[in-house]
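Starting from the given sequences, assemble the full structure and let the hints guide the process.
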Amino acid sequence: MRPDRAAGERWKRVVYPPLGIALALALWHWICVQFSLSTTVLPKPGLVLAAALERRDLIAAEFWVTLKETVYGFGLALALGVPIAVAITASKTLNLMFSPILIALQSVPKVALAPILLVWLGTGIESKLAIAWLVAFFPIVVDTAAGLQSTPRELLELARSLRASRWQVFSKVQFPAALPYIVTGSKVAVTLAVIGAVIGEFVGSSEGLGYLLLTATSQIDSPLAFAALFALAALGILAYLAVVAAERLLEPWLPPAADRRD
Amino acid sequence: MSFGVLEGVRKEFLRPGRSVPLAAIEEASFAFEKGELVSLLGPSGCGKTTLLRIIAGLIAKTGGSVRIRGEEVDAPHPDFGFVFQTPNLMPWRNVLENVLFPMEILRRSDGAAKRRALALLEMTGLAEFELARPHQLSGGMQQRVALCRALVHEPALLLMDEPFGALDELTRMEMNDLLLDIRARTQATVVFVTHSIAEAVYLSDQVLVFSRRPARIVEQIRVSLPYPRSAATRYSGAFTALEHRASRALGVLREPAHAT
Numbered sequence: 001m002r003p004d005r006a007a008g009e010r011w012k013r014v015v016y017p018p019l020g021i022a023l024a025l026a027l028w029h030w031i032c033v034q035f036s037l038s039t040t041v042l043p044k045p046g047l048v049l050a051a052a053l054e055r056r057d058l059i060a061a062e063f064w065v066t067l068k069e070t071v072y073g074f075g076l077a078l079a080l081g082v083p084i085a086v087a088i089t090a091s092k093t094l095n096l097m098f099s100p101i102l103i104a105l106q107s108v109p110k111v112a113l114a115p116i117l118l119v120w121l122g123t124g125i126e127s128k129l130a131i132a133w134l135v136a137f138f139p140i141v142v143d144t145a146a147g148l149q150s151t152p153r154e155l156l157e158l159a160r161s162l163r164a165s166r167w168q169v170f171s172k173v174q175f176p177a178a179l180p181y182i183v184t185g186s187k188v189a190v191t192l193a194v195i196g197a198v199i200g201e202f203v204g205s206s207e208g209l210g211y212l213l214l215t216a217t218s219q220i221d222s223p224l225a226f227a228a229l230f231a232l233a234a235l236g237i238l239a240y241l242a243v244v245a246a247e248r249l250l251e252p253w254l255p256p257a258a259d260r261r262d
Numbered sequence: 001m002s003f004g005v006l007e008g009v010r011k012e013f014l015r016p017g018r019s020v021p022l023a024a025i026e027e028a029s030f031a032f033e034k035g036e037l038v039s040l041l042g043p044s045g046c047g048k049t050t051l052l053r054i055i056a057g058l059i060a061k062t063g064g065s066v067r068i069r070g071e072e073v074d075a076p077h078p079d080f081g082f083v084f085q086t087p088n089l090m091p092w093r094n095v096l097e098n099v100l101f102p103m104e105i106l107r108r109s110d111g112a113a114k115r116r117a118l119a120l121l122e123m124t125g126l127a128e129f130e131l132a133r134p135h136q137l138s139g140g141m142q143q144r145v146a147l148c149r150a151l152v153h154e155p156a157l158l159l160m161d162e163p164f165g166a167l168d169e170l171t172r173m174e175m176n177d178l179l180l181d182i183r184a185r186t187q188a189t190v191v192f193v194t195h196s197i198a199e200a201v202y203l204s205d206q207v208l209v210f211s212r213r214p215a216r217i218v219e220q221i222r223v224s225l226p227y228p229r230s231a232a233t234r235y236s237g238a239f240t241a242l243e244h245r246a247s248r249a250l251g252v253l254r255e256p257a258h259a260t
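Residue numbers (the working numbering), protein chains in the order written: chain A, 1 to 262; chain B, 1 to 260.
Calculated from the structure, these hints are not laboratory results.
The reader is advised that the hints may include incorrect statements.
A few chain A positions that, by computed beta-carbon distances, are all more than 12 Å from chain B [said to hold, decoys possible]:
#  : residue
1  : A26
2  : L42
3  : A52
4  : L76
5  : A159
6  : R160
7  : S161
8  : R163
9  : Q168
10 : V169
11 : L179
12 : T191
13 : V203
14 : L229
15 : V243
16 : L250
These stretches of chain A come out as covered by chain B in the derived footprint (C-beta under 8 Å, 3 or more residues) [stated by the list, open to error]:
#  : region
17 : 68-74
18 : 119-133
Chain A is faced by these chain B residues, among others (derived, beta-carbon under 7 Å) [stated by the list, open to error]:
#  : residue
19 : I59
20 : A60
21 : P76
22 : F84
23 : N88
Backbone N, C-alpha and C define an ideal beta-carbon position, used for all residues, glycine too.
See below:
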């Protein structure tokens, strides 16, 4: 592509996305006015913005709570998921013993576990963290295990032909080869962790964006509910971008983007 | 005694649900000297790759014996180098780190190892590329890196499994000359698996022609064309005659029915 055309493309990249957002907001506003919708049903975008600005301290505080639940839950999922995946791929016995349990657990709708976890862990951060962990855990285990099992056979043979120790094979071949899979799993997991945290807040909590959303709707404060919704979306995007940033840091370890699975 | 001696090597695979095992190698016996380049030539899927893996100690044989320098091979030996059909470089390592991989495993990755790796890269025309990542290189260049990786620990025996089979014809011919050049400099002993008749004859001191599965050696051809060989060698009468002999042994060249 010629440089002048590339510059033209960049200009479009900067201008068009905000234009799309502006159009969507205008459409939203127009619908509210055209169908004379009450603020309770659908507040105008301006009202949502006003509510967000007015209650920004409250939203920021609740944002922080949900963010903590998400990050801790995801971190715990990563810290436990990767070693468990390593264990079940390294040992056939462990695999045979625990894979069925893992699959069975994975097929339980995690929302259904939320009330039980609440009884066990209370209405504090622990129960939210546990649910966020639970939903983020499986994609990490499954993707890490898949990555560890898909090491090219020839690389394993090369290591074996040099009489590499098990640890050498793992640390120099299998694990680095699985890293792209772990990153892919993490991208899915972090998005799920946000959902898990909000489910926990819905089921029983006195703080967090999910709680704010519930109380705002129960008080028929729709502008605030919508503001909380946008804050949640921002949180999800932020968490995802954090994983993408981590991926950038790992860049020297990852295959070229074209070969990646996602 | 010869450097490498195979006697009555046999390999059978068990098939699930069948009582009769599948014979991959019926019988293979041959010998080669230190510094020789031996080609195992045969149709695809005939079992020659299996034989190479047995020589490498990567898989167990059902019967017979493989002795390298008088020692029976029944496990991988770090004194062997292996080049696969595809380069199989590690995408997360740069070229130099890929070449140094065997030295890391053998815990000999020091300054001398790095100098040797760089010398090999220079020898294979990759002097400028030591910091490149594998995906930035062409297929031929990647296979040259794999060749350097197989040679970096100065193995006594280099085992190559159709290493140039995936390359285009011109690159392949270049790689053939490069291999002969490297062999002349390193005095390496090479066992080379291929299904290309021209490649086998061009490279080898000795060509062993294998039958279809179950593999057995149907013809043993001594190639006494002098080294260094060049493009001119490919068009000599002696070269063509050897190609014909190998083709007949493979059964791809039949005598015309109306021949007089």
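Consistency of the hints with the structure:
1. Listed as outside the interface, A26(A) is consistent with that label: its C-beta sits roughly 45 Å from the nearest C-beta of chain B, beyond the 12 Å cut-off.
2. The Cβ of L42(A) sits about 50 Å from the closest Cβ of chain B, beyond the 12 Å cut-off, so the non-interface label holds.
3. Residue-level check passed: A52(A) sits 44 Å from the nearest beta carbon of chain B, beyond 12 Å.
4. With a cut of 12 Å on Cβ distances, L76(A) stays outside the contact zone with chain B, its closest approach being about 27 Å.
5. Chain B draws A159(A) into its interface by the beta-carbon criterion, the shortest separation being 6 Å against a cut-off of 12 Å.
6. For R160(A), the shortest C-beta to C-beta distance to chain B comes to about 6 Å, within the 12 Å cut-off, and the non-interface label is violated.
7. Distance check on S161(A): its Cβ comes as close as 5 Å (rounded) to a Cβ of chain B, failing to clear the 12 Å threshold; non-interface status is violated.
8. The beta carbon of R163(A) is not kept farther than 12 Å from every beta carbon of chain B, the shortest such distance being approximately 5 Å.
9. For Q168(A), the requirement that its beta carbon stay farther than 12 Å from each beta carbon of chain B is not met, with the minimum near 6 Å.
10. With 12 Å as the threshold on Cβ separation, the claim that V169(A) sits away from chain B is violated: the shortest Cβ distance comes to roughly 9 Å.
11. The non-interface label for L179(A) is inconsistent with chain B: the shortest C-beta to C-beta separation is roughly 7 Å, within 12 Å.
12. Distance check for T191(A) against chain B: the nearest CB is about 26 Å away, which clears 12 Å, and the non-interface claim stands.
13. The beta carbon of V203(A) sits about 42 Å from the closest Cβ of chain B, which is more than 12 Å, so the claim that it is off the interface holds.
14. Listed as outside the interface, L229(A) is consistent with that label: its C-beta sits roughly 40 Å from the nearest C-beta of chain B, beyond the 12 Å cut-off.
15. With a least CB separation of 18 Å from chain B, V243(A) remains clear of the 12 Å interface cut-off, as annotated.
16. With a cut of 12 Å on Cβ distances, L250(A) falls inside the contact zone with chain B, its closest approach being about 9 Å.
17. A count of 0 residues in the region 68-74 of chain A with a Cβ less than 8 Å from any Cβ of chain B is obtained; the coverage claim is therefore unmet, three being the minimum.
18. With a threshold of 8 Å between beta carbons, the proposed coverage of the region 119-133 of chain A by chain B is violated, since 0 of its residues qualify and at least three are required.
19. Because the beta carbon of I59(B) sits about 9 Å from the nearest beta carbon in chain A, more than 7 Å, this interface hint is broken.
20. At about 13 Å, the closest approach between the beta carbon of A60(B) and any beta carbon in chain A exceeds 7 Å, and the interface hint on this residue is violated.
21. Evaluation of the P76(B) hint against chain A yields a held restraint, the C-beta minimum of about 5 Å falling below 7 Å.
22. For the restraint placing F84(B) at the interface with chain A, the shortest Cβ-Cβ distance is roughly 5 Å, inside the 7 Å limit, so the hint holds.
23. At about 4 Å, the closest approach between the beta carbon of N88(B) and any beta carbon in chain A falls short of 7 Å, and the interface hint on this residue holds.
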